[in-house]
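Peer 1: Sequence:
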Amino acid sequence: MKVTFLGTGTSAGVPLIGCKCDVCASADPRDNRLRCSLFIECDSMKLLIDIGPDFRQQMLRENISSLDAVLITHAHRDHVGGLDDIRALNFTMRKPIDIYCDEVSEKGIKDLHPYVFSDTKYPYLPQIRFHRITDKPFSVGNLEIIPVEVMHADMPVKGFRIGKFAYITDCKFISESELRKLEELDTLVLSALRDEPHYSHLTFSEAIALARKINPQRTYFIHMSHQAGKHEDRQRLLPENFFLAYDGLKLEV
19 MKVTFLGTGT SAGVPLIGCK CDVCASADPR DNRLRCSLFI ECDSMKLLID IGPDFRQQML
79 RENISSLDAV LITHAHRDHV GGLDDIRALN FTMRKPIDIY CDEVSEKGIK DLHPYVFSDT
139 KYPYLPQIRF HRITDKPFSV GNLEIIPVEV MHADMPVKGF RIGKFAYITD CKFISESELR
199 KLEELDTLVL SALRDEPHYS HLTFSEAIAL ARKINPQRTY FIHMSHQAGK HEDRQRLLPE
259 NFFLAYDGLK LEV
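Going by our numbering, the first residue of the sequence shown is number 19, and it counts up by one from there.
If you are wondering where the hints come from, they were derived from the structure by calculation, not from laboratory data.
It is possible that some hints are incorrect.
Computed cross-link-like contacts, DSBU-like style, restricted to lysine-lysine with a CA-CA straight-line distance of at most 35 Å [to be verified]:
no., residue 1, residue 2
1, K154, K182
2, K248, K231
3, K139, K182
4, K231, K268
DEER-style ranges, computed between Cβ atoms [said to hold, decoys possible]:
no., residue 1, residue 2, range
5, E270, N81, 17 to 25 Å
6, L267, M111, 46 to 54 Å
7, D61, F135, 28 to 36 Å
8, P47, R236, 29 to 37 Å
9, D129, D153, 33 to 41 Å
Quantities reported herein were computed from a predicted structural model and do not represent experimental measurements.
Beta carbons are placed, not taken as given, at the ideal position from N, Cα and C, and that holds for glycine.
Let the hints inform the model, and build the full structure from the sequences given.
Peer 2: Shown next, in the form of structure tokens:
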């Protein structure tokens, strides 16, 4: 399975409008982080995790022209704000796009994009099909996916495990029962916002401690704010087998 990090930042990521700090002004492309999203290719399947406001730019950059499905972690705008651009795929693929999410995220998507789901039958609105997921494993084609519930302050967020790979964003806490779903991983992708404490996101020290508890072979951090510092500097601070992901990074997992 091949994964491509389409975006590794947050809405408070880089570059920030008007900000002239060293990170936002950096010439290193690894410091230019779009909103978090991951592209997965496995056999003939092409999946996307989250569809944020930078979706169009990310797809064009990676020359991705088709999708089989989108998995949604939660319905905050930085994770679902690119829904409108699905219409281009509807046109080229001549079919709706399948979206897998829980009940709360489906409602959130509809609330953020009411015109898509109104009674007005404008012919060029995005065409999607919702598939309701719970805490039970589900399949997309022949790919089995295990949902992992994490807490973003008091908001449940879905992480996803596929084989020995897991993707977890916008996390502050994971219960012991959900941690058991993450045993024996080869690769963990986990959010780490910054060093300073935050009420709904893991800091780097908290994310490192959590990853050590999960004990994958390697961990990649995502969802960094510009307060995480420059890529080169942060990577030097990380322990062995911990890595700062960056936009465009590709892995075989």
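Peer 1: Report the numbers of all earlier hints that the structure fails to satisfy, in ascending order.
Peer 2: Per hint list: 3, 6, 8, 9 violated.
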